[in-house]
Structures are given as structure tokens and as C-alpha cells.
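Peer 1: So the mapping is simple: the numbering used here equals the position in the sequence shown, first residue as 1, plus 12.
It should be emphasised that the hints constitute simulated quantities derived from the structure, not laboratory data. Only a predicted model underlies this, so the values are computations on that prediction, with no experimental measurement involved. Heads up, the beta-carbon is just placed ideally off N, CA and C, and yes, glycines get one too. Hints may contain errors.
Label-pair restraints from in silico Cβ distances [what the hints assert, rightly or not]:
#1 M13 with P40: 43 to 49 Å
#2 A55 with G75: 27 to 33 Å
#3 M69 with T26: 27 to 33 Å
#4 R44 with S77: 27 to 33 Å
#5 I14 with T91: 25 to 31 Å
#6 S59 with T33: 17 to 23 Å
#7 T91 with R42: 23 to 29 Å
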Amino acid sequence: MIFAITLGIALLSTAYAVSGTLLTELFPPRLRYSGVALGYNIAGALSGFLPFLALAMLSFSDGASWPAAAILAVVALITSVGGYFGGRLKIKDMDIIE
Numbered sequence: 013m014i015f016a017i018t019l020g021i022a023l024l025s026t027a028y029a030v031s032g033t034l035l036t037e038l039f040p041p042r043l044r045y046s047g048v049a050l051g052y053n054i055a056g057a058l059s060g061f062l063p064f065l066a067l068a069m070l071s072f073s074d075g076a077s078w079p080a081a082a083i084l085a086v087v088a089l090i091t092s093v094g095g096y097f098g099g100r101l102k103i104k105d106m107d108i109i110e
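Sequences are here, hints too, so could you generate the full structure?
Peer 2: As C-alpha cells, this is what we get:
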């Protein structure tokens, strides 16, 4: 049981390992703290409503599970697109001239 919980936490935390580095490289140094904080907190606030949306769609579809799967697929698509473009929009501190 302890091994399963440890493995689950380790697998879930791998997504957070990359987000800190990627988010800091999306903003210039003078806007970095505010940009990362806004992006991270807005994403957390919006994703908090996804279980309620899935439950509402589940009740509208008479118990079919495809609406919840569709929500998961849309979130995965948004994450994939964000990861694709996020790696290409990096700002290098050496490139900034102030």
C-alpha cells in the first residue's frame, strides 16, 4: 500500500517538475513573477470547475460516460498544444536587452 501511494504521488508530481522551468522561460525577467503567478493560479481556478462540468454533462447524457471522456480529451489537447508552443516561445535572458 505504501509503495502504491508513493508511486502514485511520484507519477503525479512529474507534471509539476516541468511546469516551473517552462513557465519561467515564457516571461521576461521583469514580468516573470507576475506572469507565472497569474498563469498558475488562473489555471488552478478554472480547472477546479471541471469535476462539476463533468458531473453536469453526465447528468445531461443520462449516465453515459463519453462526455466526461470528451472533457478529458479536450484538456489533454489543450495541454499538448500548450506544451508544443510553450517550448518554442521561450525567452532567453541573454536575448533581452534593456
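Peer 1: Does each hint fit the structure? Answer for all of them.
Peer 2: For each hint, the structure was consulted:
1. Roughly 47 Å separates the CB atoms of M13 and P40, a value that falls within the hinted 43 to 49 Å.
2. For the pair A55 and G75, the beta carbons lie near 30 Å from each other, so the given range of 27 to 33 Å is met.
3. Distance hint for M69 and T26: a CB-CB separation of about 28 Å, consistent with the stated range 27 to 33 Å.
4. Checked against the hint of 27 to 33 Å, the C-beta distance between R44 and S77 comes to roughly 41 Å, which is inconsistent with it.
5. The hinted window of 25 to 31 Å between I14 and T91 holds, with their beta carbons roughly 30 Å apart.
6. In this structure, S59 and T33 meet the distance hint of 17 to 23 Å, their C-beta atoms being roughly 20 Å apart.
7. Judged by the Cβ atoms, the range 23 to 29 Å given for T91 and R42 holds: they are separated by roughly 28 Å.
In this structure, the one hint that does not hold is number 4.
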